[in-house]
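Participant: Spelled out, the chains give:
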Amino acid sequence: MTGAERAGTVYMSEPEKELPVDELKHLVSERALTGETMVLNMGPQHPSTHGVLRLLLELDGEEVINCVPDIGFLHTGIEKNMESKTYMKALVMTDRMDYLNNLGNNLAYCLAVEKLVELDVPPRAQVARVILAELQRIASHLVWLGTHALDLAAMSLFLYCFREREIILDIFEMCSGARMMTTYIRPGGLWRDLPDGFEEAVRAFLKLMPGRIDDYEAMLDKNPLWLDRTQGIGVVSAEQALGWGLTGPALRGSGVALDFRKAQPYSGYELFDFDVPVGSRGDVYDRYKVRMEEMRQSLRIIEQALEALPAGPVRSNNRKFVPPPRSELGHSMEALIHHFKLWTEGFSAPKGAVYVAVESPRGELGCYLEGDGGPKPYRVHFRTPSFASMQVLPVMSKGHLVADLVAIIGSVDIVLGDADR
Amino acid sequence: MDTVEGAVSALRQALGEQVLSVESFRGETTVVVAREAIVEAARLLRDAPELQFNLLAALTAVDYLPEEPRFAVVYKFYSLPNNRFLGLRVPVPGDDPEVPTIEGVFPNANWHEREVYDMFGITFKGHSDMRRILMPHDWEGHPLRKDYPLGYEEVQFTFNFDDIDRRKRYARE
Chain A
32 MTGAERAGTV YMSEPEKELP VDELKHLVSE RALTGETMVL NMGPQHPSTH GVLRLLLELD
92 GEEVINCVPD IGFLHTGIEK NMESKTYMKA LVMTDRMDYL NNLGNNLAYC LAVEKLVELD
152 VPPRAQVARV ILAELQRIAS HLVWLGTHAL DLAAMSLFLY CFREREIILD IFEMCSGARM
212 MTTYIRPGGL WRDLPDGFEE AVRAFLKLMP GRIDDYEAML DKNPLWLDRT QGIGVVSAEQ
272 ALGWGLTGPA LRGSGVALDF RKAQPYSGYE LFDFDVPVGS RGDVYDRYKV RMEEMRQSLR
332 IIEQALEALP AGPVRSNNRK FVPPPRSELG HSMEALIHHF KLWTEGFSAP KGAVYVAVES
392 PRGELGCYLE GDGGPKPYRV HFRTPSFASM QVLPVMSKGH LVADLVAIIG SVDIVLGDAD
452 R
Chain B
4 MDTVEGAVSA LRQALGEQVL SVESFRGETT VVVAREAIVE AARLLRDAPE LQFNLLAALT
64 AVDYLPEEPR FAVVYKFYSL PNNRFLGLRV PVPGDDPEVP TIEGVFPNAN WHEREVYDMF
124 GITFKGHSDM RRILMPHDWE GHPLRKDYPL GYEEVQFTFN FDDIDRRKRY ARE
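Line by line, the protein sequences are chains A and B.
Take my numbering: the final residue in the first sequence is number 452, and no numbers are missing along the way.
Take my numbering: the final residue in the second sequence is number 176, and no numbers are missing along the way.
Keep in mind that the hints were calculated from the coordinates and are not lab data.
Don't take each hint at face value.
Stated by the list, open to error - The calculated DSSO-like cross-link candidates involving lysine-lysine, where the alpha carbons are at most 30 Å apart (straight line), are:
#1 K372(A) x K111(A)
#2 K111(A) x K128(B)
#3 K120(A) x K429(A)
#4 K238(A) x K293(A)
#5 K120(A) x K149(B)
#6 K48(A) x K149(B)
#7 K128(B) x K56(A)
#8 K149(B) x K372(A)
#9 K56(A) x K149(B)
#10 K146(A) x K149(B)
#11 K351(A) x K149(B)
#12 K382(A) x K149(B)
#13 K149(B) x K111(A)
#14 K56(A) x K429(A)
#15 K128(B) x K429(A)
#16 K407(A) x K149(B)
#17 K128(B) x K116(A)
Note that this is a predicted model, so its numbers are computed, not measured.
Build the full structure now, drawing on both the sequences and the hints.
Facilitator: Below, the structure written as structure tokens:
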């Protein structure tokens with residue numbers, strides 16, 4: 032009897048089986064089988080794949096004939112894990128999916144929970160959520176811009192982008208104590224009120240950022256190398272993009288003005304004025320332009336939201352779903368009971384399924400949440416934009432050079448933690 | 004008439020008996036369709052000029068063990084021109100988990116169906132590339148099934164330390 036059998040588990044100990052090459056034959060052309068074209072492995076350890084993306088490339092010289100993405104290296108079973116936690120405790124898993132959009136993931140999940148149990152959110156929390164989500168969008172776009180430019184050999188921009196991103200992360204740290212894994216947005220509102228100095232910090236950022244965005248754009252738009260490497264590369268038409276499930280800035284680069292903040296407003300986005308920038312040619316350059324403009328629009332939203340930020344509570348007063356403030360625990364028996372019940376058993380959600388779609392920096396982030404009457408989610412599924420958008424890579428990259436593939440991957444803006452979950 | 008109501012009546016008209024029921028929950032409409040009819044339903048939703056559900060927003064599955072039919076495959080379609088979501092749900096029996104693929108109508112169903120196959124073991128008939136997508140290719144079992152346990156790390160004690168160390172998968176030279 033082997034040790035594995037004794038332990039009752041077989042997953043950990045079996046040596047990995049070789050993948051029979053026959054299983055991949057249908058993915059490459061006939062010419063690869065005769066050796067006329069070359070099949071090359073790119074990734075998963077490759078700096079320009081933005082994580083652990085592996086691409087199988089079939090190449091004719093330097094030209095890409097076929098591109099087969101292989102994902103799953105960062106799969107952590109988040110959906111399975113969430114099924115064994117209460118609704119509130121499962122929230123921490125969502126931060127860890129898309130590590131550049133932590134607050135956005137929190138928001139999608141919280142909106143789904145709130146829809147499932149019909150929980151109200153106070154106005155102050157709603158506006159604060161918008162501010163934080165937009166700050167997060169800018170932070171995410173800054174990482175995208177920095178790494179994308181770095182891939183195309185514009186090294187200095189990377190340092191500038193991360194400098195500005197640091198300011199946003201400092202604001203998050205101020206609010207939640209954590210730079211990335213914030214878990215700050217909770218079902219029913221926020222974890223706690225926005226801290227003193229939050230507004231000043233955001234206002235200082237608002238003052239600084241527009242000039243910086245102009246600087247970045249000037250650095251790239253007047254650079255002939257950048258233009259050569261982005262214009263006309265990785266063109267995808269609007270029909271193709273929709274058929275392959277592309278959403279977000281990458282879809283808008285092809286001229287489709289789909290933005291769930293406008294189309295299906297959530298958390299009070301309908302109160303704010305902003306434009307949805309679109310491109311026309313659907314190439315790498317248009318996707319870049321759309322994201323640059325989106326950062327400016329995000330600043331506009333934040334500015335309006337700061338003006339409109341009302342005073343008041345930041346958590347719903349519905350004690351069946353939201354824990355009472357700690358200050359009450361010392362003198363209110365009822366608060367203590369609620370606190371105890373919520374952190375041990377959790378709250379129950381009715382039988383039924385909801386689907387909520389929000390606009391993440393990368394596209395449509397959907398949360399499918401199904402309850403079974405108990406305190407744990409029966410099924411959670413995240414329709415993550417990176418997973419959906421990656422399917423379009425083969426369509427975009429066919430006929431381009433390997434060096435252009437790097438630009439194309441950057442322009443779709445994928446995060447592998449988001450894709451693999 | 005609202006787009007969603009229009010879609011429901013168009014589906015009823017085209018598929019007749021194969022529309023099993025229509026559910027409404029928290030303002031979301033889900034049409035339960037027999038699995039034989041899913042391709043036709045998807046095509047109808049996409050192509051009917053007054054519906055135009057041209058984006059397959061999400062595709063996933065749920066395991067209802069020990070109920071029968073055990074699985075349900077869930078589709079979420081979005082219509083850009085009409086700005087509406089519509090859900091389809093296809094019950095799938097546990098002893099024959101197979102559904103026709105809608106890859107021919109919505110190309111992006113390809114990966115989503117692979118994910119459902121990987122996680123639930125539901126195969127999609129006619130799919131061009133039915134391989135695992137997230138789990139390793141030699142993985143046994145389908146993790147999101149309800150009878151699949153959540154993995155765990157064995158607790159190390161002095162008496163079994165070497166035993167665990169020997170078969171645990173470290174990177175070895």
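Participant: When the structure is checked against the list of hints, which entries are broken? Sort them ascending.
Facilitator: The structure breaks hints 3, 9, 17; every other hint is satisfied.
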